[in-house]
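6 protein chains.
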Amino acid sequence: MTWLETLKTETPEEGFELAIKLSRMAVKYTQPDPKIRDELRQKYERDADSLTAASHVVAIHFQTIAQANGFWK
Amino acid sequence: MTWLETLKTETPEEGFELAIKLSRMAVKYTQPDPKIRDELRQKYERDADSLTAASHVVAIHFQTIAQANGFWK
Amino acid sequence: MTWLETLKTETPEEGFELAIKLSRMAVKYTQPDPKIRDELRQKYERDADSLTAASHVVAIHFQTIAQANGFWK
Amino acid sequence: MTWLETLKTETPEEGFELAIKLSRMAVKYTQPDPKIRDELRQKYERDADSLTAASHVVAIHFQTIAQANGFWK
Amino acid sequence: MTWLETLKTETPEEGFELAIKLSRMAVKYTQPDPKIRDELRQKYERDADSLTAASHVVAIHFQTIAQANGFWK
Amino acid sequence: MTWLETLKTETPEEGFELAIKLSRMAVKYTQPDPKIRDELRQKYERDADSLTAASHVVAIHFQTIAQANGFWK
Chain B
2 MTWLETLKTE
12 TPEEGFELAI
22 KLSRMAVKYT
32 QPDPKIRDEL
42 RQKYERDADS
52 LTAASHVVAI
62 HFQTIAQANG
72 FWK
Chain A
2 MTWLETLKTE
12 TPEEGFELAI
22 KLSRMAVKYT
32 QPDPKIRDEL
42 RQKYERDADS
52 LTAASHVVAI
62 HFQTIAQANG
72 FWK
Chain H
2 MTWLETLKTE
12 TPEEGFELAI
22 KLSRMAVKYT
32 QPDPKIRDEL
42 RQKYERDADS
52 LTAASHVVAI
62 HFQTIAQANG
72 FWK
Chain G
2 MTWLETLKTE
12 TPEEGFELAI
22 KLSRMAVKYT
32 QPDPKIRDEL
42 RQKYERDADS
52 LTAASHVVAI
62 HFQTIAQANG
72 FWK
Chain L
2 MTWLETLKTE
12 TPEEGFELAI
22 KLSRMAVKYT
32 QPDPKIRDEL
42 RQKYERDADS
52 LTAASHVVAI
62 HFQTIAQANG
72 FWK
Chain R
2 MTWLETLKTE
12 TPEEGFELAI
22 KLSRMAVKYT
32 QPDPKIRDEL
42 RQKYERDADS
52 LTAASHVVAI
62 HFQTIAQANG
72 FWK
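Just so you know, the sequences run in chain order B, A, H, G, L and R. Here the numbering used here is used: position 35 in the first sequence is 36, and no number is missing along the way. Here the numbering used here is used: position 59 in the second sequence is 60, and no number is missing along the way. Here the numbering used here is used: position 40 in the third sequence is 41, and no number is missing along the way. Here the numbering used here is used: position 21 in the fourth sequence is 22, and no number is missing along the way. Here the numbering used here is used: position 45 in the fifth sequence is 46, and no number is missing along the way. Here the numbering used here is used: position 37 in the sixth sequence is 38, and no number is missing along the way.
If we strip away everything but chain B, and leave its shape as in the complex, we get:
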């Protein structure tokens, strides 16, 4: 099943949401068990540093996606 057909999005906001998806997919490839990911999520969504680290990964993917979309100019 294909989950990533294109880096093109209609708007910057959709690009941002795609960036979030990409950052989560990398985790999914490493930890495929949804139950374990759920347990981990309980903890990490209440840890400021974990949230910042997640936001960091999103920022890098968003940069890639913004470039792919010519910055939606």
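Be careful, since some hints might not be right.
Since the list gives no way to pick one copy over another, a pair counts as held whenever it fits inside one copy or between any two copies.
Stated by the list, open to error - Derived pair list, reagent style DSSO-like, types lysine-lysine, alpha-carbon separation capped at 30 Å:
(1) K74 with K29
(2) K9 with K44
(3) K44 with K29
(4) K74 with K9
(5) K74 with K44
Hint data in this document are derived by calculation from the structure and do not stem from the laboratory.
Given chain B, work out where chains A, H, G, L and R should sit, using these hints.
Using the frame of chain B, we list chains A, H, G, L and R on its own:
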């Protein structure tokens, strides 16, 4: 509700503030509960390393936004 | 034995999987023993921050690969 | 009050100092209280890893500023 | 003695190996004593997070080297 | 006193050494006391993760410098 219509800003300073917004929005997507985010904020805004980590994410978004604006040249 | 002939991929998704491969290969070069890597994996795939850190490395390689493929435009 | 009018600087060294300013401004936006920032500074300026993390953020901003200035060529 | 004459490599794989070399050379400049580096290596090559951090540095150098080689297109 | 006149270097190796200089200068701006920096150095040059973090900053500056030099092509 749309929160990100464009990466274009009038000035570098507005671009910097947009970078801050983007870094916070990624946290918001992961932890949507404003009460929990407020609690986390109490702690992390008094931790030098947490603040540096947040500044790091802003730096990446600012790079993307600067590129999108042709560095405001 | 060659393991990286090209950065070109057919699709963004294959590019993403190549990014995962690159991030793992760097670990393999530093820790060539598969038994030790397996032991480490047990722990790190159940640690949210470790998973985010791994996702971070994938994001950088994906950026490189996306550039190499003209963002699959 | 405007604090960032342009990314242009006369020299690479001024660009470097602007990068330092940008990295500090992101902290200031998150922790606006100068007294708390001073207390945090006491600790973090004597911690090697904190200093490296700060240097890291400067490196990213410096990359952006160098690009904005055509690398001062 | 020269250790880095060019960023050009014949293949992506050689580029990846050069990226590993660059990431190690920066460590060597900071800690020139091979005996201490060996001791540190004992520990860090058995720590998943240390390995991921090392892989992270390789990813950045690989991006630079890939750009220098026109992505080996 | 000027310490950074240009990002241009004759060779990639000199560029690498400039990258090391830049990463140290950012630390120097934050912690100007050479005695404290020396004490910190004692500890951090024997810590594998600190060395990797330092190598990380060098990698980013090296990317900037490589771009500034057209990758020494």
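Going through the numbered hints above, which ones does this structure break? Give me the numbers in ascending order.
2, 5
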